[in-house]
Every structure is written in structure tokens, then in C-alpha cells.
Amino acid sequence: MTAIRNPAERWFESRGWSAFSFQREVWDAYAAGESGLIHAATGTGKTYAAWWAPLLEYIAERSTESVATEATARTARAARKASLPLRVLWITPLRALAGDTAGALLQPVSDLGLPWSVETRTGDTSPAERSRQSRKLPTALVTTPESLSLLLSRADASDQFNDLRLVVADEWHELMGTKRGVQAQLCLARLRAICPNLRTWGLSATIGNLEDARRALLGRSAKRSRIVQGVEPKKIVIDSLIPPVIERFPWAGHLGTEMVPQVVEAIGEGETSIVFTNTRSQTEIWYQAILAHRPDWAGTIALHHGSLDRKQREWVEEGLRTAKLRCVVATSSLDLGVDFSPVDRVLQIGSPKGIARLTQRAGRSGHRPGAPSRVTCVPTHTLELIEVAAARDGMASGSIESRIPVTRPLDVLAQHIVTIAVGEGFVPSELLDEVRDTDGYADLPDDEWEWTLQFISNGGDALKGYPEYSKVEVTESGRWKVQDRAIAHRHRMSIGTIVSDAHVVVQYLRGPRLGSVEESFISRLTQGDRFVFAGTPLEFVRVRDMVAWVRRAPNTKGAIPRWMGSRLPLSGELAAALRNRLGEAERGVYRDAEMQALRPILEVQRKWSHIPGPSEFLIERVKTREGHHLFFFPFEGRLVHEGLAALFAYRISRIKPITFSMSSNDYGFELLSPDEAPLDEAIAAGLLDPSNLVDDISASLNATEMARRQFREIARVAGLVFPGFPRSGKSARQLQASSGLFFDVFQRYDSSNMLLGQAHREVLERQLERTRLGLTLQRISEAALVVTNPKRTPPLAFPMLADRTRERLSSEKLADRIRRMQDALERAAG
Amino acid sequence: MSDGDLTISIIGETLTLLPERAMFWSCQATLFIADPHFGKAATFRAHGIPVPSGTTDEGIARLDGLVQRTMASRLIFLGDLLHAKAGRSHEMFAAVGRWRRSNPKVEMLLVRGNHDRRAGDPPDELGISCTDAPHMLSPFVLDHHPRAHADGYVLAGHVHPGVRVVGERLPCFVFGAEVAILPAFGEFTGLAMIDTVETDSVYAIAEDCVIQLRNPESPESSVNSF
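Keeping their order, the protein sequence lines are chains A and B.
Just so you know, we're using the numbering used here here: the first sequence kicks off at 3 and counts up by one.
Just so you know, we're using the numbering used here here: the second sequence kicks off at 137 and counts up by one.
None of the hints are false.
Sample of chain A residues lacking proximity to chain B, with all beta carbon distances greater than 10 angstroms (derived):
hint, residue
1, G115
2, D126
3, G585
Below, a sample of chain A positions facing chain B; criterion: calculated Cβ distance under 10 angstroms:
hint, residue
4, I458
5, N460
6, G461
7, S472
8, V474
9, V484
10, T661
11, L722
12, L737
13, Q738
14, A739
15, S740
16, R819
From the derived model, a few chain A residues whose C-beta atoms are all more than 10 angstroms from chain B:
hint, residue
17, W19
18, E27
19, L108
20, N164
21, N199
22, L540
23, R564
24, R601
25, K609
26, H762
Hints were generated in silico from the structure; no laboratory data involved.
Using N, Cα and C, we set each Cβ at its ideal position, and we do this for glycine too.
Isolated chain A (complex conformation):
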């Protein structure tokens, strides 16, 4: 090690810290011109590992220059004016994190009196600040992928990024598996093209596929980069609150908020707690339940989720940091970000879903030296106790989930190309080279590139000969540009890949905003209806111009809004650990508190049907008043089960005309039919056969319906459908059509439209997890098949029976199905 301590080490020392060797490694690598990826748990110094690198570079540059005058500006405005031009871009996935990150970056800058300005630019940035930034960008800018794209849509983008030295992709593991990650990849490639000496560093939690993460971040230049491992994570303790009475039947075991007394007790044991839930609605429900149990805690407990107004969220975060709050009920909105040091207790309500996720949440506690991180799981359903035991196994064996990068989404590409065309414009051959520099489009075939260019210029094959259509035009100098100001404006307004339902702001009649809920929820309310939002009982007054005006309601009875959003499936790693735990139970081994608590239920399962071991595949046939049920148990997560359900329904329906309604959960899926399905015949005909998987799924009616739904995101990203903008007026209204309508019209009149192909591919790869689906089918086709005929629905199957959100697949004529349904209803009514 060098004897001379550098300014970074001196600064660390002044704060009573010392630099880690991984931080020094990053500083040296950066100085040598390298890029890379740093992985470590949250709160272990990744930020300063990346941030001090360009600071050290600047300090070294300054000391070698003969003129080393420090600007001593008297006012903040003058200081900003005198600060250096843009050198560092810091990309963060959550705009809520931008402020905290900028604060952390600013610390050494102000301690050392460097002439650097550090600012944020996100969707929350005020117009005044934006216009100041458009005159001059700060030395370091903390921003989101969307805001970065917007910066690239400026006509002077190249000049702005002239002196850029470093771009940091913070929480890269959060971005890399999404279309936003691809959007970031394209922006990074653009920046690399503008500044050839740019270095890129990614900050990531530890994941199962770090190599993929590095390639996604750096594209072609990944070869000349390194992966730096941060400090080892803390020890993590996982335990559970075991329900006091375990019913032998899990339908009675649906716990809801019956666990509240135990949760309240656990909160009482700690100084400051975070109670994590899996959905925003759950957050509202548990906040109310805890408050109802301990009214004296009013004012010291709070809730936090992504739909709450920013001011309220910031207030809650501040309360956690300063230990003013006893407890915060939160969704994944608190998974990331700066440390909340006072937190000493973390609870997880409901399924942990994945090992990495539970690790991340556990890591929010135990910042005191020597204290382990601890997370206490609270089952909302008794069977979830198996998942807790399985998660503990997974963590012990170090199996951490991977994040699979998205490849070649043409909707994101189309959006990015238009972004560049709105800004500086492009020459296709140059832009193609840049696009192929990313990992996501490294293998982009020529025909897909050509098609995308046509799509944004003349509309593609189907639109040839439509003189009225033009979006991107080729100028006389050969550059492709957007000339029409209205098109450019609409594009800027809709940059991004996050697609959500139209949202309505919720605001007090004479008071502040509370946050936003989906329009579909508000549209069901009439004046005087009560609902609970942001932890407050509200009365709906009226909706006007996308604002739902409310007043406070006296009591807490009322609906809780639901937000759409992907329900996470059980991860593959956790699912495998779970199958092993069931295998132990099958052999009569119940190792820990969770499994012992579950023993009565699993014994009923054994008695009525069978407990499937890891090398078995269980099918249960049950007849109820509803019809004939087939329950299949691959234990592979909900998404895979949805695909298998469609596949099996399709394969059985080829044997005889039949209508199935399907439901899936993380453990298995159910096919329900009015008449008995020919299961044995179907098995003999190759029901479990792994070959023809993709063809059969694509042929099933549901694949088209799923693709139609998937098209919602694609249509929005590719610029076919626009989010409602404020003051859009009548002329925008005539341009409204649902994505489903686009899908139908393309399907019929432009079937070679590559966005349709993308929708089908996304359904297979992302919704149904094709790779995992194939592996699962392989596994169950080799497993020992166990078919049972229980007289009543056994415990493992029951939750599926109770699920009311069903998909349908039918080989019957639609009119026949409607008549059959109506006849059945009339018979039932007597």
C-alpha cells in the first residue's frame, strides 16, 4: 500500500472512518481509465468508492496545473456560475433517491471547498431549476434514465456532455432486468459515442449473474473492465411469527390481519421498525390494523409507498432517519436508498418471494456494530411458513437470484431513435453502430433495424403510399430529424418505459395533495363514498381535471384502493428450496419452528392426497359443485404456472371440445371444467411432453390474449399511445385509442409489424418465463407422476380453489359458451 495517504483517505479519517481496499481498487482502476461494476450490500461504501474517483482525478489535475486558483464565490448563484462544467452523471432508478444521493455526494465537495456543483434532475425538478440547468449543467448531475433521455433530446446534447468523465449507474441490479435498463444502455452508448474517454461504473447489490450485469452496463467495452467486490455482507437472521393456533385447514388458515397482536408486540420490542408488505394496498390495510390495535401510537407510526405524495414520503424518510417514528409500514419503496440507521427491527408481511429480496430487506436493520441484520417473517397464510424455512436454506447456501436483461425490445429502440431525432438528429449507419455497442442490441439483425427505421419514418410496409404520415424526416444533409414541433413535444412528454394506468391525484378540498390512485378506482366512486388512502379515511367529493377532491371522513370504514402492478412470482431459487422442504416433510422430517407449526396441515395433505417430494409431480382430481378440478403442483412460481396452465388446457382441449377456467399461484395451477377432462388420455397423448412447447403455447387462445395485454406497454413505449397530459384538450382526444385496438388492427392489417412479434416474445420470455417453463416441463416429465383422487380439496390445492381471478381457455364456440353460462346460472337460480 502507498505510504502517502490521498485526499480521500484523509477525508475518511476526518470522519472517523477508514477506506476499504475495494474503494482504493476502484480509485486506481478509474485513474487508469477503466470502467467496471462494484457489488456489495447496501450501506457498505459503494457510493464513495465511485464518487471519490473523479474527485481524486480533479484534485490531481488541479495540482499539476500552474494556475490553481480556487474560486471564492460569495453567493450560491456565483458559486454555481463558477463551478466546473458537467463531469459526472449519476443515474439512479428512483427519483425519490436522487435528493439523498446528491446530499451524500455534496459532503466531501463542501468539506474540501471544491468548485463543483451537485444537483438533481428528475421528474420532480422545478421548471425554474430546469431552465437554469439548460443554460448550464452542474458539475455532477444526479438523474433518472428518463431525465437522461430528455437531456439527450436537446439539440445541443453533444456540447453539454463534452467534458463528461464518469457516468455511474446506481442500483444497477434494479435497472438491468427491465426496459428502463435497456433505455439506460442506449443512453450510455450515446454518451460513450459523444465522449470516447468516458468511464462507466455500475453499483449493484450481489446477484446471481454479475457477468450479465457487467455486459449489460458496458456493452462492447465490457472486455476492458473489472468487477470489484465490496465488503462481505453482515450475518442475517430470519425468524417467523408463528400463528398461535394453526388450523389444520389452510383455508381457515388465511390469516389476514389476525397476526396484528403479535406484530404489534414485535414492533414494541424494537426502537424503530420497518414493516414491509408486498403491495401498496397491503400497506394501507396493515397501517390501519396496527393503528386500530394501538391508537396511542398515532403520530409515531406512518406508511410509505410509491403512490403517496412526495412531501409525505420525504417526511416519513426523515422521521426514520431521526428516529422520530416508531414504525413505518412500507412497500418496496423503502427497499433501496440511503440508510436508516436507527432501524433495528424489520418485519416482512406475506411471502418473501425471493432470497435476494429478503436479504435486501433484512439489511435495512442492524446498523449498529456487531449487530446482525434480522428479519421477522409474518405469514398471511399458514403455508407461507414453508417459504420462510426455504428462504433460510437458500440464504445459507448462497443461492441468490439472477436478473435477466431484456434483449432487443424494438419499442424501446423506436423511442430512443425518435429521442435522438428530436435532438441532434442522426445518420443511420452511425447510430446503428452505436446501438449495437449495447449488450441489449449487440445482435440486432439488419431487418429489425431497417423495420424500426421505417416504423418511425414512413410507418413501415403497411403504410407505404400514405403521404399524410411522417414522423422522422430525412433532411437535405442526410440527417434524420423530427421537424414537426407538435410531434417533438408529444414525444418529449412520453419518454420513458414505465407504463401505468392513468392516475388521478387525490387532494383535500382545501388542503394538500395526498398522492395518486388509479383512475379506474376513482371512476367507481360516487359522491359521498368512503375510502382509505395514505392512512386516512376519506370521503370522495368529485373528480375534475384528473384531481379527485376529497374531505376527511369520520371513521375508517371504506374501500382500499388497489393498484395494478406485477405480482412477483416466487423465485426459482426459493422454489427449489421449497420443494426440498416438502421432500423432507414427505419423509417425516420437520426441522424448525416453521415446519413444525405446519406439520398438522401437511399431515392432512398426506392423509387425503400426497406430499410431493422433489422428484415427484402431483396431480389431484377433485369434483365439487363447481365442476371438475384438476390441480397440478410443479412448485415453480406463478408465472410459470400460468404458462403451463394455458399449455395443458390447450393440449387437453385438442382431445375434445371443452372450456377451462384456470387459476394459478406460486405452488401450482388449477384447470376447472364443467365436464370431466380426459386427463389419462391427455397424459398418454403427451400432456407433459417438453417438445413443441412454444408452438403449443402460441397456438393456445390465451397466448394471443396475453400478447394483446402485453401490447399495452409496447404501444406506449413505441409512441402509439400517449399518457394523458395536462391541458391536452380536444385535439389530443381525437388521437386516443386503446393499445388493444392497435393490437387488433395491426394483427389484421399489418401482421408483419415487428411490434406484434415483440409482444408474443415478451409474453413467452418475460410473462411465462419460457426458459424456466421449458426446464420445468423437462423436470416434471421426468418426475414420478402421482395422481390422486381426494374426496375433498386437500390443503395445498385449497388456496387455488378460493382464487377468483381466473383465465379462460376454450375450444368451444363463443356463443355456445355464453348460452351454457346463462343456462347454468338459471339452473342455479332454480
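Following the hints, complete the assembly by docking chain B onto the known chain A.
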């Protein structure tokens, strides 16, 4: 008439609901069409949104088939014949004109809707007379917006009604106590899921069949285009 049609009786008149999203009043040989929105795709294209052509041609072909098989002598549009000013493309009017010339004897009337007011009337050479709503056609009142009228039972459009049945979203006819709403004729128009009351009769179009719904599933609201 064909197998998928459904004949109903309302205020003593016999009406036939056709799965091509149209309604036929046989004693008057009159065909009713609501919301064709011709030129909608062209409107999108003019604003830089690539929608393929074909929807307008499909609409004209379907209209032509309807006129042939019903042998209608009169065709009435219950509003929103044209989508927007930007969609008044030469190609669209040329296609409509060719069809009009092949059916010279059919009397055609447009009861103007909200879109027509902004998009303008069709060109004179198409021979479609235009009138403001409401328009009397005893015992019916023709309107675009579904609102009750003292002078008679109202036939209207505007809503693009849809129902959810056996998990599918289907276009439908809704016959209320004083007003009937027809499904939108245009293919590129979308559906608005409707709330129905007990006195409403709802007829869904299930592919090539019109079916009366006896137990519409609980409606769910949805945002869509008009």
C-alpha cells in the same frame, strides 16, 4: 336474414339486430349504423402515429354487404360518420364514393354527432343528406347522444357500448326504457364497458351471432375512446 341475426320488438316495432354491428328496421327497409368513424386511422397517421390502413375499407365492405343482404332502401348514420378533419383523406372519400356509386338508389342520411361537427359534413357528391340531432322518424327519435326525448323512443350511438361476458369484451346493443344505444360500427373504435340497470335489455355480439344477455356480469368501468 341470417342465423346470427336476432329480431326483437320494441314499442310495437320489429327490429333486427345484426352481428355486423348494425340494426335493420325491415318494414321501412331502413338500416341504422352508429359511429363508423371513417378516417380515424388517417387522422392518426396525419399526427405521426402509424396506424395501418384497412379499417375504413373493411367498414365500407361490411356496409356494402349489409346493404346487399338486407336490400335496404335507406341507410341512416346515427352520428360520427367522420372522425376528424385531419382524417378527410382523398383515398377515404374515393373509396366511399366508389361504394356510393355502386348503390345509387339507397337514400342516405347522417344525423350529426359530436365528431361530425368538428370533422365537417361529407362532400356533396357522396349524396348523404345531413341533419342536426334530434331528428324525428316516427315513432323513433334519432339522436347521436343517448338522451331521452318526449317525442318518441330514441335510437342513439356515441357510447360504443361493450359488455364483459364469459371473460370476453363484446360490443353490444342496449335497449333501455326510453333510449336504445347501438354498438359502434367502426372497427378501429374501441369499447366502453357499460353499467346497465335491470330494465335494460342487453344484446351482445358474439362473433357472428347476436345473443340476448339474461345475466350480464357485473360491469367494470373502463376508459376508452369516443
